[in-house]
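A.B. asks: Residues per chain, in single letters:
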Amino acid sequence: MNKTLLSQSLRVGITFGVIHLFLLLIGFNAMLGSLFADIARVKQSGSIPASIFLVLYCALLGVWAGYSAAKKEDANVFGRKLVRGLIAGTVAGLISAVVSIIFAVLVTNKIDPRKYLAVLSLDFMRASLFNLPVVQGVAANFGVLAGAGLAGGLLTALSSFSKVKHAWKNFAGLVKGGLEKIRYCTSGKYHLLFKIIFLVVLAAAIFFLPTKWGSYWNYVIGTVGIYVILGLGLNLIVGLSGQLVLGYIAFFAIGAYTMALLNAPEPHNLMWGFWPALALGVVLAAFAGILLGLPLMRLRGDYLAIVTLGFGEIIRILLKSDLMTSFTGGPRGIQDIKGPTIFGQPFNTDVNFMYLIIGGVLISMFIYNRLKHSRTGRAWLSIREDETVARASGVNTVKYKLLALALGAAFAGLAGGIFASRNQFTGPDEHALMASINVLSLIIVGGMGNIPGTILGAFALKGLPEILREFANFRLLAFGALLVVMMLSRPEGLIPSRRPTLQIPEDPQSDEENKEVSHVD
Amino acid sequence: MILNVENINVHYGAIHALREVSFTLSKGEIVALIGANGAGKSTSLNTVSGLLHPTSGKVVYLGEDISNTSPQEIVRRGIVQVPEGRKIFAKMSVWENLEMGAYTVSDRKVVDERMESVFMRFPRLKERRNQPGGTLSGGEQQMLAIARGLMAGPKVLLLDEPSMGLAPILVEQIFDIIREINDSGTSILLVEQNALMALSIADRGYVLDTGRVVLQGIADDLLHNPFVINAYLGGETTE
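These protein sequence lines are chains A and B, in that order. Position one of the first sequence corresponds to residue 1 (my numbering), numbered consecutively onward. Position one of the second sequence corresponds to residue 1 (my numbering), numbered consecutively onward.
No lab work stands behind these hints: they were computed from the structure. Owing to the predicted nature of the structure, the values given are computational and were not obtained by experimental measurement. Positions of the beta carbon are idealized from the N, C-alpha and C atoms, including for glycine. Just to be clear, a hint being listed does not mean it is correct.
Said to hold, decoys possible - Heads up, simulated DSS-like pairs for lysine-lysine below, C-alpha to C-alpha not over 30 Å straight-line:
{"#": "1", "chain 1": "A", "residue 1": "338", "chain 2": "B", "residue 2": "91"}
{"#": "2", "chain 1": "B", "residue 1": "27", "chain 2": "A", "residue 2": "110"}
{"#": "3", "chain 1": "B", "residue 1": "91", "chain 2": "A", "residue 2": "399"}
{"#": "4", "chain 1": "B", "residue 1": "27", "chain 2": "A", "residue 2": "399"}
{"#": "5", "chain 1": "A", "residue 1": "115", "chain 2": "B", "residue 2": "58"}
{"#": "6", "chain 1": "A", "residue 1": "176", "chain 2": "B", "residue 2": "91"}
{"#": "7", "chain 1": "B", "residue 1": "27", "chain 2": "B", "residue 2": "58"}
Said to hold, decoys possible - Rough simulated footprint, nothing fancy, chain B against chain A, three-plus residues with beta-carbon under 8 Å:
{"#": "8", "segment": "344–351"}
{"#": "9", "segment": "415–423"}
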């Protein structure tokens with residue numbers, strides 16, 4: 001038994017013990033246990049699940065601890081991995097046991113600590129002792145974690161067995177080969193056919209899904225769609241032209257409020273109709289982008305971020321202020337915003353709005369794609385890479401930076417108009433700083449500067465929290481953890497940008513037909 | 001006279017970087033600006049290319065005052081700068097870097113012709129045209145930077161420290177290329193710390209010190225000037 005083995009395993013054990021303690025104090029075990037109970041279709045009353053599910057939670061944590069500890073073993077020795085798992089599990093179990101003893105003392109003396117830690121009701125603490133008598137409860141807390149740690153070690157040891165490893169390799173190879181095949185089929189000769197089939201399926205899905213999956217999904221996916229438009233717009237500014245703008249949601253607010261002020265009975269009763277209001281919102285947002293851009297042209301990097309952050313806050317606070325209450329409705333926001341009409345027919349069911357949003361997304365994607373691969377796009381990239389050299393190469397950097405801001409803002413204006421009209425409401429708090437950060441996060445998570453990344457990011461950031469509703473209060477916790485893990489494992493985003501490269505043919509004869517934009521890793 | 005810089009003063013905020021600097025460049029000439037760090041060499045180039053504007057004095061190019069013209073317009077008129085430190089677009093391919101060099105040229109045919117001739121001059125770049133610029137070696141990056149400058153079809157090429165950080169053999173190569181470019185009719189304004197190399201290919205030279213021109217003359221004379229030898233050539237006598 002050497003020192004590193006002991007100290008490393010101890011450290012893993014302590015880490016997991018502390019994590020367990022933390023999760024216990026916020027009641028995460030009960031929450032996850034309820035989720036297991038849901039999955040197992042066991043009915044429960046109140047927020048505390050049956051003990052078996054809490055045991056399951058502890059066991060899973062213990063297995064994880066054991067696995068983490070055993071994974072650190074370099075030597076492929078069965079016993080050493082087991083020992084590591086066991087040590088980690090035991091240490092975590094000891095910590096758990098100490099916590100249980102405290103719980104037990106509190107329970108027997110009927111002291112209710114809920115004043116300090118909201119979830120620690122007597123029932124909860126009893127449940128954490130698996131509803132067993134004190135001594136058995138403490139022992140069970142220790143035993144489950146220690147045993148599970150050993151199991152985790154065993155699992156790791158087994159999986160490094162050559163046979164298991166071999167099987168895994170085979171499986172991975174199979175998957176990889178399959179992917180290669182798909183890639184081969186979708187490129188070159190079969191490219192067109194596959195593209196057509198893909199597009200037909202996609203078009204059918206786009207057309208039929210909104211009518212089938214009900215208003216809840218239309219709402220969730222619609223919100224995702226809005227954020228795709230926002231993400232693409234911000235991508236124009238941050239991803240392509242390289243200007244870090246933080247108050248982006250202000251442009252969204254301009255679009256939303258233009259729609260609201262022109263199409264709601266309160267406070268002005270103008271009733272312009274949806275389409276003119278949408279168009280005006282887009283134009284106004286673009287105009288605001290230019291206005292904001294003019295003083296920004298001298299700033300780069302962090303300074304730019306801070307100034308734009310200020311701009312976003314100014315817009316939000318203005319909308320909220322007493323000064324503007326008679327004009328914008330103040331903190332109450334604006335209600336009953338009218339929906340769109342097409343040829344005089346109302347076009348405002350959830351399905352209609354879904355189509356509208358999909359239309360908006362498609363238009364945004366098209367414009368984004370065209371811009372990215374144009375001369376303008378290349379000018380933006382050069383500014384992002386090195387502004388001074390771009391200027392020395394003859395790029396009018398002021399013009400292109402303003403253009404990026406104006407177009408990005410216009411996207412946000414479009415999204416804002418549709419969003420306000422769909423929700424029939426807009427208020428200042430929808431446009432808080434957090435929303436700007438959400439949009440920025442979604443393009444960072446998805447992968448800066450490309451469309452699939454933006455879509456994936458929007459699903460991950462707006463769709464996932466919706467799906468994670470089950471986790472209730474732990475939504476943000478789970479979400480934050482997810483972001484940290486993701487940034488550590490994929491720092492360039494889920495789908496890193498592949499730089500588009502103008503390919504010139506090796507063979508000068510076939511010059512014209514081969515000149516196409518393709519991708520190089 | 002293709003370029004005539006008359007008594008320019010340039011400030012960075014409160015710092016007076018150039019004081020009454022004047023120099024000229026005739027058609028077909030190579031003129032070297034030499035001097036130590038902070039003497040104002042790069043500032044002079046940036047002022048000519050329009051990245052900086054003089055607080056007083058004039059930059060006259062082909063008879064027109066360009067001291068307040070925007071950099072993109074100056075590029076369009078034929079003065080192209082190759083910035084210091086091989087500033088290429090690292091994530092763009094070699095081909096795209098060259099395309100960026102021809103950004104002000106709207107005629108596709110002209111761009112293709114220039115691309116061809118640049119590839120003739122730099123066969124290495126042709127081999128690596130689809131590779132990101134950042135993956136090239138130091139010497140290749142410098143070649144790319146110069147090639148990108150040539151894509152704009154310059155009448156005057158401003159080279160800022162082309163030998164910086166390169167191995168001696170590569171420095172020789174780069175200077176051979178500079179001479180070739182000059183032979184094909186481009187006037188060159190060269191800023192260098194490597195005074196020996198610069199003066200050996202230049203027709204004339206200017207010595208800058210703390211923002212002033214302290215010495216000027218035929219390159220050969222400067223090479224044998226005791227002040228220059230002491231200050232910039234390490235005290236050795238040259239051939």
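A.B. asks: It remains to establish, for every hint, whether it holds in the given structure.
C.D. replies: Here is how each hint holds up against the structure:
no.	hint	in the structure
1	A/338 <-> B/91	violated, 47 Å
2	B/27 <-> A/110	violated, 98 Å
3	B/91 <-> A/399	holds, 23 Å
4	B/27 <-> A/399	violated, 33 Å
5	A/115 <-> B/58	violated, 77 Å
6	A/176 <-> B/91	holds, 28 Å
7	B/27 <-> B/58	holds, 19 Å
8	344–351	violated (count 0)
9	415–423	violated (count 0)
Of the hints listed earlier, those the structure fails to meet are numbers 1, 2, 4, 5, 8 and 9, in rising order.
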